[in-house]
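Asks: Single-letter residue listing:
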Amino acid sequence: MAPKTGFAVIGGTETRVDGLEKVTGRTRFADDLSFPNMLYGRFLRSPHAHARIRKIDVSRAAAMPGVHCVLTGRDFPIPFGPLPISEDEYVLAFDKVTYVGEPVVAIAAIDEATADAACRAVVVDYEELDAYMTLEEALEQRGEPIHTEHRFGNIHKAVSLEFGDVAQGFAEAEYFREDVFFYQGNTHMPIEEHSCTGVPEGIDRVTLYSSTQNPHYGHRLIAKALQLPGSRVRVVATPAGGGFGGKCDTFSHEFAACRMALRTGRPVKFTLNREEVFYTHRGRHPVLMWSKIGFRRNGRITGMHFRSFLDGGAYGSLGVATTYYTGALQPCSYRIPYYKFEGTRLTTNKPVCGPKRGHGAPQPRAMIEVQMDKAAVDLGIDPAQLRLVNAIEPYSKTINHFRVTSCGLKECIEKVVEVSGFNDKWGRLPHGKGIGFAISAYLSGAGTTQYPSNGPHSEVVVKVGRFGEVQCLTGSTDIGQGSMTVHASIVAEVLGLHASDVMVINGDTATTPIDLGSYSSRVTFMSGNAALEAARRMRDQIAAVVAATFGIPADCTEFREHKVFNAVNPGQSMAWEDACALAESKLGALSSTGNYTPPDLDGPYKGGAVGPSPAYSYTALAVQVDVDPETGMIDVEKVWCAHDIGFPINQTLVIGQVEGGIYMGLSEALFEEMDYRKSRLEAPSMLDYKTITVNEMPEIETHLICTHDPEGPFGAKEVGQGPLLPAIPALLNAVYDAVGVRIDEVPCTPDKVLFAMERKADGRGGRIGPTAFPEHATTARAVRAPRPAEWENGNEGRMN
Amino acid sequence: MLRLPEFEYAAPATVGEATRLMHERGGKAMLLAGGTDLIPSLKRRQYLPELVVSLHKVEAMRGVREADGRLVIGALTSLDAVAAHPAIRASWPALAKAAASIGTPQLRNQGTLGGNLLLDTRCTVYNQLEEWRDAGGSCMKSTGVKCHIVLGSKRCWAISSSDTAPVLAALGAELRLVRHGDERTVPVVAMYRDDGIDYLTLQPGEVLTEVLLPPVGKWDRSAFLKLRRRGTFDFPLLNVGAAVKFGADRIVERISVVLGAVGSAPQALDAQKFLGGKQIDDAVAVAALQAHAAKRATPLPNTDSSHVWRKRMVQVYTARALKELVA
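Chains as they are written, first to last, in the numbering used here: chain A, 43 to 842; chain B, 69 to 395.
It is possible that part of the hints are untrue.
[What the hints assert, rightly or not] Just some of the chain A residues that point at chain B, by a computed CB distance under 10 Å:
1) Val142
2) Gly143
3) Thr553
4) Gly674
Hints are computed from structural coordinates only; laboratory data are not their basis. Ideal Cβ placement from N, Cα and C applies to all residues, glycine included.
Let the hints inform the model, and build the full structure from the sequences given.
Replies: This is the structure:
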């Protein structure tokens, strides 16, 4: 409850502006929308993981009564992808299917049952091909690669970056750790299934209402893939019932709904069922990792070599970025003087992996935090101390050229050690009980757009009406994280109003200005800055008019308590409504704009655009567990978390994000996996795909560290993703502290714990995890980047 | 899941009317009690009945009564009502505990004891929407001929997933089955067949109307344990129902231990053979029962968690159930 110094609205615990309508069931989600004459779309999906399409016969389906539109791959000849460097996907399978569940035929009919029946009447003649279901099979590539147009067959992307000469760093080491770790894939599981409706407008326009995180990117891709001018497409993001990265891509159902709406002249709705959401996926990549770290005896890291293989599923999605992210943030948490990273993403015949909360960072974070824990034990340094020794410092350059500004990593570590009693507990709790520690760093928004653009990343318009009503127009979407409340609070703070006085209109490519979307933890930082600028400009316009009336300079006004005050003579004030009416009478329509473009932070090397962010958040976290030595089952007793938020615009929302992130992290750590039986998902249902419930959730004690970032709005940084990351390795480290076994795999299930304990008892080492790493030479051209100047003369990255 | 398929619907008010409808429609009618399993199964197209006969108006099948020193529970009694019933909690706490462990609070308000006893066997291959169930070849419990769990198997290995069946079997409870113009009573254990498809000995058209608990005093103690990963929601990965009658000097006079969710039927162990006439914590006898239990259990990779681990848990939970009987 600390922050809120001198602010009326921000820094407190304001109720979210859309809270009441949500808890009373009044919010209209995408599937709640209905339009006159609406048709219902369904897909016929592939039953095969890898097969050539010889022939598709839709004649019976097309002739069925009630069927209005039948489309196949030929109707969508333009491939697409969220990243221009990886446009390898078609709306409907073009000549091949590459995973079970891939859409093959789209049908719109008068109701779902008719559309489903018509799908069953389609005859597809497939020629089955050998499927690549694992990293190893994809690497070995015995038959036809999944994408024949890829230059290196099943290798979708390979990266090799070296900063300084890592051999030199290792030469200075007195102790090494070399480990292999596997992080299984998992999925977002939002409560709301994806849903959209394409609505024809006028003669040649279409509006898409969709449960999407990124309407702007959808706008661009739909126009591109459907070969329409951007002016013919409007995308409106509906309130999303959870995103977590799963609604970042633009999906087949969105393209198909638009095309079918234009073709039939009728609205067309697609709502995926839960099984389809699982197969649509774009979730966490399974990643196999190898890491070697050199240390001095005092614990200082001298160099790191990190390698990753990502199992990407059938298409690119944002996988090129994911690949970079598996290597980007290690040097952003620890001062690593020499660093080498090699990452390779493979294509497999499985549902497509993409961005999930933490995007490519949780997997390496889990690995290196476990590795740091092992190193701490070996070096005889306590795990929190080892992290303090290596912690990145404020205002420094990382070895991979990221600019770190505010940084509360050390404060976070110290706070968690203090409140959790870590020093009294670690290594000292009775057998079966344990405590584990981990830290992390994360971006406050990616510094680069997904497609080349020099435009602002966020634009906001503030409008004020004759009766004092305020509208804040932003292209960002509220996916439950509370961004509407953040916008309303920022504008209200500047204009001296309540957050509930500001109507936020968001996520509509026709009525709101551009915002790149709700991903990469960017909205508060970027759109928040744009909102702040727009609100200040609005305030200045009104201030000038009111000040003239008061006969004082414009900067001698104060906006608070729904009034404009004369700061020279505080007895004099004007009601907000009167001030607005006066300003409008003098100036005409009252509107202002604000923009945010991040500084150019790209590193001076190929790939240097992935990872730079205008600010980084930092987190430290401890988990206490109780492990049943007879079953291996883990009961998480408590979590302590300290998060460097910069400044909390809304403490309740920030703590909600911390707790939500930890929930998701623990769920991944303990339970979640995309498990396949041959090519089919084992458990595509909310019952059988296990996520933790309220019963498994421990008490979470959250402490916010305020470092007041110089570039964040009111000093704010991100919280949506960072706190998820350390929860996973902290749990693994706690299991080690409890029963002395290392589970070098996520999830950490009871069978692994039990069998590791048995191995330990048998003198076979108490570890479960991968034992080998594919010795496959990278196909990437090696990039050797210079060390930043800030690393010369023993300066260890500090910026002057 | 999809929306419900089309079917005819009837809601008779008496058992007689219900059995008549079931008799007339042969195998093409299905009974609807709480619907917590039938409705989602229909939405996955696991069955396509012509007629669904809802029992919700048959008041005679609801509630708990006492007759001849025994508790008799109507098959339509909700799981929540079973879990909360004072007489059941006092005399047969293991049954109350089993009922309270099923699904979620909402599912227990709606789900019935009869429905849980007759619950269809479960398998991760089978419990999927038909579109995915059939991708890569259907299984023998669906429209196919093969088993995808045990390759080359002649039988289906779907799992008996009832939580109340092992307890009621261990207690020696009986079931009243009514058919058009006919009626019989069978021990719970005789209701089940170790076959994932043909898992019940129920005759065509038969309606389970009542569960008859044993006379109070038949057992001194009863126990129920359930293994699952989450504290709610999940079907059992293993459960154990157990009951004991002690003789003089705490010697086991009679003991019954039944495992659930490790086969297509509840597995009644030969506990009496190992522990009859001994102390219940006799280490040699307990170890022998554990080994026997592991032999009787056939966990397979057709539900959550590794089957190797689940097999190990059979031994742990068997021993824990015995401890619970004296706790």
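Asks: Take the hints in turn and mark each one as holding or not.
Replies: Going through the hints against the structure:
1. Val142: Nearest chain B Cβ about 5 Å off; hint holds.
2. Gly143: holds (8 Å)
3. Thr553: Violated, about 34 Å.
4. Gly674: Constraint on glycine 674/A satisfied, holds at 7 Å.
Hint 3 alone, counting from the list given before, is not met by this structure.
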